[in-house]
Amino acid sequence: MTDCTSDACITCGDVAVAMRVIEVDDERCLALCETAEGERSTVEIALVDAGPGDEVLVHAGTAIA
Amino acid sequence: MRFVDEFRDAELGRALAGEILSIVEPGRHYKVMEVCGGHTHSIYKYGLDDLLPANVELVHGPGCPVCVIPMGRVDDGIALAHQPGVIFTCFGDMMRVPGSDGSLLDAKAAGADIRMVYSPLDALRIAKANPDREVIFYAIGFETTAPSTALTLKRAKAERVANFTCMCNHVTIVPPLRALLDSPDLRLDGFVGPGHVSTVVGARPFEFIPADYGKPIVVSGFEPLDILHGVHMILRQLAEGRCEVENQYKRVVPYDGNPRALQVMAEVFELRPHFEWRGLGFISHSGLKLSEAYADLDAERRWTVPGVRVADPKACQCGEVLKGVIKPFECKVFGSACTPERPIGTCMVSSEGACAAYYNFGRFAREREVV
Chain A
1 MTDCTSDACI TCGDVAVAMR VIEVDDERCL ALCETAEGER STVEIALVDA GPGDEVLVHA
61 GTAIA
Chain B
1001 MRFVDEFRDA ELGRALAGEI LSIVEPGRHY KVMEVCGGHT HSIYKYGLDD LLPANVELVH
1061 GPGCPVCVIP MGRVDDGIAL AHQPGVIFTC FGDMMRVPGS DGSLLDAKAA GADIRMVYSP
1121 LDALRIAKAN PDREVIFYAI GFETTAPSTA LTLKRAKAER VANFTCMCNH VTIVPPLRAL
1181 LDSPDLRLDG FVGPGHVSTV VGARPFEFIP ADYGKPIVVS GFEPLDILHG VHMILRQLAE
1241 GRCEVENQYK RVVPYDGNPR ALQVMAEVFE LRPHFEWRGL GFISHSGLKL SEAYADLDAE
1301 RRWTVPGVRV ADPKACQCGE VLKGVIKPFE CKVFGSACTP ERPIGTCMVS SEGACAAYYN
1361 FGRFAREREV V
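Chains A and B are the protein sequences, given in the same order. 48 is the number that the working numbering gives to position 48 of the first sequence; each next residue is one higher, with no gaps. In the working numbering, each number is its position in the second sequence, counted from 1, plus 1000.
Keep in mind the hints are simulated off the structure, nothing from the lab. Every residue gets a Cβ at the ideal spot worked out from N, C-alpha and C, and that includes glycine. Check before you lean on any hint, since a few could be wrong.
What the hints assert, rightly or not - Derived Cβ-Cβ restraints for the label pairs, each shown as a range: (1) A/GLU23 with B/ASP1185: 48 to 56 angstroms; (2) B/GLU1240 with A/GLU27: 25 to 33 angstroms; (3) A/ILE22 with B/ARG1115: 22 to 30 angstroms; (4) A/ARG20 with B/ARG1115: 23 to 31 angstroms; (5) A/ARG20 with B/PRO1184: 43 to 51 angstroms.
Please construct the entire structure, taking both the sequences and the accompanying hints into account.
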């Protein structure tokens, strides 16, 4: 379980994380993204126009900007 | 890192602090509320209040979604988690929020299959991987998080994932702000507006604050210089006799928000007639539920939840903290009976909670001496 008391918990509240788009699956509106620390995860990109190399702001697995 | 490093520049921060000092009126006490828990967290993480003049007081608002969940809704979630065959999924902070008889973490220890997820999409993946089980996602959050839940529900409906439901606790930011402004025991001079909520809803919904209440609001980002700049813009408005919505976080927040996010929320959710907020009571049209088109995915329709209203513990003063009436360290149980390891109140649970922010960044020791 994430230690939510030590620093911001990205899953809750108004916290969002900047990630770079690596690869886009247009059909499923999903993208493989990477944080500055190199952590990769699959992100919903239905709410933004984003392509490989773009920086997106990700909150709870969804790019909101 | 772009958009981060340049907003943590200490020299610029000190220069901005000097600018702030030059525009405040000596002898006038300024009370500025940061609406969002993310701001509270940054303010204490970076010690920003130490850079402000003594007569500029930052008051912490109700913008931490975990902190405003009432005990009864936690109990409802625990009741669902104990249903046979259910996999109950929720965000990490939610696991430790105390209900009337323990937390979700306690329920997990007692045998309920409760799993932490990082996104609603993770919960849907668990549902697809376990077609013989019922998977419930316990959704919390303001408009920042609601689009993510909405997209996942749309995906579940489109892919006909029949064993996935959502217990919706999403809330909206404008009604509690109006309730706070109507509160007779609160005098505020302005607001630092929520940055990422505004990414979705835009800055426009906050126009009622200057129009109806005569207070300035500046939507601000979360890096140290963003917050200092936001406070500076509020104080400048006050110094110049202006009162309007300004957007400090233009690099992320469009004035009209994200239309795709607003559209998907409008499709999947509808407003509840009223919703209970911890410490603030029932607020009209402040909570979201699933719309009729998504009724099949509503956990509260698939199962019966107790729905019992539970009063907050008497010792806990989260309500006053959430309204900015008292500082966390002024609560009777702060740092003694209530700590992040054994929280009594929700404000001590979430990293965005004002009490946890005070506790974790050592703010209580010095301020207690002052008291």
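Hint check:
no.	hint	result
1	A/GLU23 with B/ASP1185: 48 to 56 angstroms	holds (53 angstroms)
2	B/GLU1240 with A/GLU27: 25 to 33 angstroms	violated (52 angstroms)
3	A/ILE22 with B/ARG1115: 22 to 30 angstroms	holds (27 angstroms)
4	A/ARG20 with B/ARG1115: 23 to 31 angstroms	holds (28 angstroms)
5	A/ARG20 with B/PRO1184: 43 to 51 angstroms	holds (49 angstroms)
The structure shown violates just one earlier hint, number 2.
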